[in-house]
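Engineer: Here are the chains, one letter per residue:
Protein chains: 2
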Amino acid sequence: MDHHPERLRRLQASLKRKKLSALLVTHPANRRYLSGYTALDHGIHESAGVLLIPARGKPFLLTDSRYVLQAQEEARGYFVRLFTKGLMPGLQKLLPELGVKKLGFESHYLLHSAAGRLGHLAASLKVELVPLTKIIEPLRVVKTEEEISRIRDAVLLNEEVFQEVYPSIRPGKSERQIALAIENSMREKGADRPSFDTIVAFGTNAAKPHAVPGGRILVKGETVLVDMGLVLDGYCSDMTRTFVVGKPDSVFRERLRIVRRAQLAAMKVIRSGVTCREVDMAARRVIREAGYGDFFGHALGHGVGLDVHEAPRLSGHSRKKLRSGMVVTVEPGIYLPDWGGIRLENMVVVRDSGCELLNTDRTFLDL
Amino acid sequence: MDHHPERLRRLQASLKRKKLSALLVTHPANRRYLSGYTALDHGIHESAGVLLIPARGKPFLLTDSRYVLQAQEEARGYFVRLFTKGLMPGLQKLLPELGVKKLGFESHYLLHSAAGRLGHLAASLKVELVPLTKIIEPLRVVKTEEEISRIRDAVLLNEEVFQEVYPSIRPGKSERQIALAIENSMREKGADRPSFDTIVAFGTNAAKPHAVPGGRILVKGETVLVDMGLVLDGYCSDMTRTFVVGKPDSVFRERLRIVRRAQLAAMKVIRSGVTCREVDMAARRVIREAGYGDFFGHALGHGVGLDVHEAPRLSGHSRKKLRSGMVVTVEPGIYLPDWGGIRLENMVVVRDSGCELLNTDRTFLDL
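Here the protein sequences line up with chains A and B, keeping their order.
All letters in the first sequence, in the order written, are residues 1462 to 1828 by my numbering.
All letters in the second sequence, in the order written, are residues 1462 to 1828 by my numbering.
The shape of chain A in the complex, shown without the other chains (with noise of 0.2 Å):
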């Protein structure tokens, strides 16, 4: 089914509402959501396209010689238009062509300069400029079962490379042959790309929580953490394992069943209604009672979908609602600079009931 005219009503009706008469969309993953348009960006400064979308009609995809083929055949409700001197001339024949009056721009994936460029074009034109944040983000935040069942792919996916990669992690290799050896693995069972830098951190490395995979090798009986994410099919996973090569001490067996017993505890409370507050809390507070609350430094977890780090944010700073078909991630965290890390990370969908797992692996979560 092509869920891609239903996800432009709703957002044109959004734009009616906000008497906006277009939308300037420049934020790579709300373009795909919009058009189907799977280009990339290479970076900020290297724009695949953007999409004009105004509140009534069909819609633009604007872009370079470089995708005009690819835009094409991909982005099928679309008008695609060539700019071949950059957006902002584009801009300055389509805004008059559509009639526009008052243009909605992403503020957050805008770069300060390039909206001071598009300022001048729209005085120019007596375009009355609207800068806009989280427009688009509020469609995606709820995802669709299909959305779902794609994210669950790109999960299990992920657990079968780490799955194989696993027995290959062994003393005297280094963290950043392990951290190959996993974005090989996803690349050749057919992931797009992985959805972040993968981290591997050994020993006290691991107290980093973003840590790079560098030239450290593994002893015997050393903590490894593996944090991992892929994207199949435009959506992304998301898992973190911790576990030791040997016999894990007592220390560690303690500090992992924590940082257990604390994830366990936050999936307990998610359900459609919680509070993304509470869901944090309820984590933060097993870690805390346990004596570590000074060195879970980072948030509860994040959501994922088109993109790998996208709304909600399980924080102990936000009273948003979770609701029914959010997808988050739940990755309560100890560290330990003079020791090192543990962090266990899965993915679940908030349900009306509570929360659905996503992830089947259970290696090293119960010790």
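None of these hints come from the bench; they were simulated from the model.
As the structure is a prediction and not an experimental result, all values here were calculated from the model.
Heads up, a few of these hints could be off.
In this list, chains with the same sequence are indistinguishable; a pair is considered to hold if it fits within one copy or across any two.
To be verified - Okay, derived cross-link-like pairs now, DSS-like style, lysine-lysine, Cα gap no bigger than 30 Å in a straight line:
1. Lys1781 / Lys1554
2. Lys1650 / Lys1634
3. Lys1546 / Lys1729
4. Lys1782 / Lys1546
5. Lys1781 / Lys1546
6. Lys1595 / Lys1554
7. Lys1519 / Lys1480
8. Lys1546 / Lys1587
9. Lys1480 / Lys1650
10. Lys1595 / Lys1650
11. Lys1650 / Lys1562
12. Lys1781 / Lys1729
13. Lys1480 / Lys1587
Add chain B to chain A, keeping to what the hints say.
Structural biologist: Chain B in isolation, oriented as in the chain A frame:
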């Protein structure tokens, strides 16, 4: 030799000339160039930290708990400050501490929404905010011999990877399989990562200059276009080869020769003092005179360094002059939607007396 103090000195001199009290550095390559801190951003929304460079005195690196250990290890000349509640509260404390009255920021690497938040903060602290573009980039555009040597290493590793994978580019293989093999080989040979998503395009797919490798299977006699780059120790390579698996027909041979002649014509013109426009025109003239003027839609080349696309731009619109020590690609092409495309890309160093070719691989260039 540690170049960071010298780079900092030059930047601080430029801040003093502009009467700025400090500069906020958000661009990842600029951050690395000035501090040696190698962490990567996970997209523009997930910064691994920012620099605050006062016009006088020791600079600061602000980051969160995920990166603070790495920052302390790598950014030796910097005070590393941990911020726990986001960048803005961190700056709210630090700006008055340093007596900042006039703060520059990188308009081309700060989102409109983030600039809005920074504007509110600045107003509350009575700090004047100055959007800047290209304050650090001009320092980076001319490379030191040490940087050139690192770029050369990246180019040579790039060629080694290409030569390793080349024999496996046979009928029956898909674009995607070959792109995968190339990226795996890069990582196995010690590259940090690809410098962009590898392009492998067969037959008519090569008509898209930024084709995404797909399931298309190579047939004997078809064109193969490979555009690949890697990052080695932070510095980038970028190389394109186009060839035929089997016996090239006379049309392919003729068009390849035109593209190669265009490349050589540009290289003949390149030297310190020549405008970017003149170089672009030298290649474009060859293609136009051969009757393909409408089928070379992109600029001739771009600078390469810590970023794979950086200044200068070898474009027909640029009247900027080349300077000795710049490193640029020379990549003319011919693209015909119903036929396919040919692009040849090498990297050269601009010298006073001409250009120095960094590539050694001559395969397919001289058919």
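Engineer: One pair to classify: lysine 1480 and lysine 1650, alpha carbons no more than 30 Å apart. Within, between, both, or neither?
Structural biologist: Classified as neither: same-chain Cα gap 47 Å, cross-chain 55 Å, threshold 30 Å.
Engineer: Is it within, between, both, or neither for lysine 1781 and lysine 1546, if the alpha carbons may be no more than 30 Å apart?
Structural biologist: Close across copies (18 Å), not inside one copy (43 Å); limit 30 Å.
Engineer: Indicate which option fits the pair lysine 1650, lysine 1634 if close means a Cα-Cα distance not exceeding 30 Å: within, between, both or neither.
Structural biologist: Both, since 22 Å and 16 Å are each at most 30 Å.
Engineer: Checking lysine 1519 and lysine 1480: alpha-carbon separation at most 30 Å within a copy, between copies, both or neither?
Structural biologist: The answer is within: 18 Å in one copy meets 30 Å, while 50 Å across copies does not.
Engineer: Taking 30 Å as the upper bound on the Cα-Cα distance, should lysine 1546 and lysine 1587 be classified as within, between, both, or neither?
Structural biologist: within (22 Å within a copy, 40 Å between copies)
Engineer: At most 30 Å between CA atoms: does that hold for lysine 1650 and lysine 1562 within a copy, between copies, both, or neither?
Structural biologist: This pair counts as neither: shortest intra-copy Cα distance 49 Å, inter-copy 55 Å.
Engineer: With identical chains, the pair lysine 1781 and lysine 1554 could be close in the same copy or across copies; at 30 Å between alpha carbons, which is it: within, between, both, or neither?
Structural biologist: Answer is between; shortest inter-copy Cα gap is 28 Å, intra-copy 41 Å.
Engineer: Treating 30 Å as the Cα threshold, decide for lysine 1595 and lysine 1554: within, between, both or neither.
Structural biologist: The answer is both: 27 Å in one copy and 29 Å across copies each meet 30 Å.
Engineer: Is it within, between, both or neither when you check lysine 1595 against lysine 1650 at 30 Å Cα-Cα?
Structural biologist: Close neither inside one copy (34 Å) nor across copies (42 Å); limit 30 Å.
Engineer: I want to check one pair: lysine 1546 and lysine 1729. Are their C-alpha atoms no more than 30 Å apart within a copy, between two copies, both, or neither?
Structural biologist: between (55 Å within a copy, 27 Å between copies)
Engineer: When no copy is named, should lysine 1781 and lysine 1729 be tagged within, between, both, or neither for a Cα gap of at most 30 Å?
Structural biologist: Within one copy, since 18 Å is at most 30 Å while 63 Å is not.
Engineer: When Cα atoms must be at most 30 Å apart, do lysine 1782 and lysine 1546 count as within-copy, between-copy, both, or neither?
Structural biologist: between (45 Å within a copy, 21 Å between copies)
Checked against the numbered hints above, the structure breaks hints 9, 10, 11 and satisfies the rest.
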